[in-house]
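Participant: Next come the chains, spelled out residue by residue.
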Amino acid sequence: MKYRSVFDIVGPVMVGPSSSHTAGAVRIGQLARRLFGEKPAKAVIRLYGSYAQTFKGHATDVAAVAGILDVAADDPRIPQAMDLAGEQEVDITVLAEEAVPEHPNTMTIELSAGQHQISVTGISIGGGLVQLTRVDGFSLRLSGESPALLIFHRDVFGTIAAVTSQLARAHVNISHMEVSRMERGKVALMVIETDQRVEEGVLSLIRQLDHVRKIVTLDV
Amino acid sequence: MFKNIKDLVAQAEGQGLRISDIMLQSEQEETGRSRQSILDTMLDNYRVMKAAAHRGIGGVTSHSGMTGGDAKRLRQYLEGGTYLTDPTFLKAISYAVATNEVNAAMGIICSAPTAGSCGTLPGVMLALQEKLGKTDEDMAHALFTAGAIGYVIANNAFISGAAGGCQAEVGVASAMAAAAAVELAGGTPSQAAHAMAMALKNMLGLACDPLAGLVEVPCIKRNAAGAAGALAAAEMALAGVQSRVPWDEVILAMYQIGLAMPHTVKETALGGLANSETGKAWKKKLWQKAGDEQA
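Read top to bottom, the protein sequences are chains A and B. Sequential numbering of the first sequence, starting at 136, is according to the working numbering. Sequential numbering of the second sequence, starting at 811, is according to the working numbering.
If you are wondering where the hints come from, they were derived from the structure by calculation, not from laboratory data. Just so you know, these numbers come straight off a predicted model, no measurement behind them. The reader is advised that the hints may include incorrect statements.
[Said to hold, decoys possible] With a Cα cut of at most 25 Å, we get these calculated BS3-like pairs of lysine-lysine:
(1) K813/B to K137/A
(2) K137/A to K816/B
(3) K1011/B to K137/A
(4) K1031/B to K1090/B
(5) K174/A to K349/A
(6) K860/B to K882/B
(7) K882/B to K1011/B
Construct the entire structure; sequences and hints are all you get.
Facilitator: What follows is the structure in structure tokens.
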């Protein structure tokens, strides 16, 4: 089930004019910001498909910037997000791309601050709901509706079992999980959605495991 | 939980409940929230709908300058007393237009099921509240019926113009409003489902072709049509008229039509009205203006 709550249908309360192009874009921006974990110095927003065609009319770019600045979808400051970015000294670049995406409402957000950077691709599926489809080149499918761990690790047997055992010991229930890799034996990504937030103590145990490179957390 | 309309109606009628009660129960099971807190959220959403509609009636204009003031015009026409139909019908279309005018002006609205189609459901609900003398709490309860219909359609098809055309936005909103209207009038769950199916059937194939890609023309007036269609479907269902095509088959047909539609009429501003001479002129004017501001 893509939609799980009646308030995905009658709701959300939001600033117009488009749930896919405005509220959805705020949401993708917010998720990118939360995965990044801090205020970026620079943000590049790449728009594809219907987003690239119609972003000016729907203020899709402005909405994505609002999300990157962690402004909520029902915040009346959304129309002023570009000015807000200026005040917060976040450098914004918006690019309408020609490439035809799989989903008509697709956007890639690249955030950076010094050496720290992330690339997040999301799609807006309607009614303000979104899915992240790519993080740093890895395919995934993340709604952002539940807390999640993104664990970058070496593609070696036993690593997944070691991580999930730590979660089991901490009594954390996994609601959804997927694994993807770019090349056998190289870096892979585990995406683990959980019913509750994972405590810092458990995260540090996972961080110490062999073959675990980096953990990115998503809180909701 | 329910997967389709047949299942939803069977659960409601099996327990002697309304569709809204079943949606409310599922929401409790799915989210673990209390019944009262869920009801409160819906009441808040209903009040957002009301506030947006009344703001629109007062008169707003979009940033593009393409639309605005029509809800106010409709209200003055209603007050003039020379209308063809009746006040409930006229209120439904004027509140629908009002809400979408506020949306176009980047005001605060409640998406139902989307922002582009946010006027249809409040249009019908606000008009019926005045007609039937219901409380806000009664209205919020009926919104769960609208939500249940939208929930099934969203999970079995789509609710975005980019994915399925306007039939997936205003069409779905009209279906949601029709079912809620039947429940408010005391109809059975089956009658609500028939109203849903008839309203959706009458919107099948509707393109999403907004001028310059803005949620303004024809979106705002289509919400009035969605509200009018919902009232027509609700009246038919309450009279005992049934949809000849079963409820869930109508939803599947909407899905298949949406998949088959060319991308030019799925919110890309490339085809249909967006590609008319006037549409092209607006695109040129507005997109250039936006470009100049950025440069």
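Participant: Give a verdict on every hint.
Facilitator: Taking the hints in turn, this is what the structure says about them:
A distance of roughly 12 Å separates the Cα atoms of K813/B and K137/A; the hinted pair therefore holds under the 25 Å criterion. Taking the CA atoms of K137/A and K816/B, the gap is near 19 Å; set against the 25 Å cutoff, the hint holds. For the given pair, K1011/B sits about 23 Å from K137/A by alpha-carbon distance, which is consistent with the 25 Å threshold. Using a Cα cut-off of 25 Å, the hinted pair K1031/B and K1090/B holds, with the two alpha carbons roughly 20 Å apart.
Proximity of K174/A to K349/A is assessed by CA-CA distance (about 19 Å); at most 25 Å being required, the pair is judged to hold. In summary, the hint linking K860/B to K882/B is supported, as the alpha carbons are separated by about 15 Å, within the 25 Å threshold. Proximity of K882/B to K1011/B is assessed by CA-CA distance (about 31 Å); at most 25 Å being required, the pair is judged violated.
Hint compliance for this structure: hint 7 is the single one not met.
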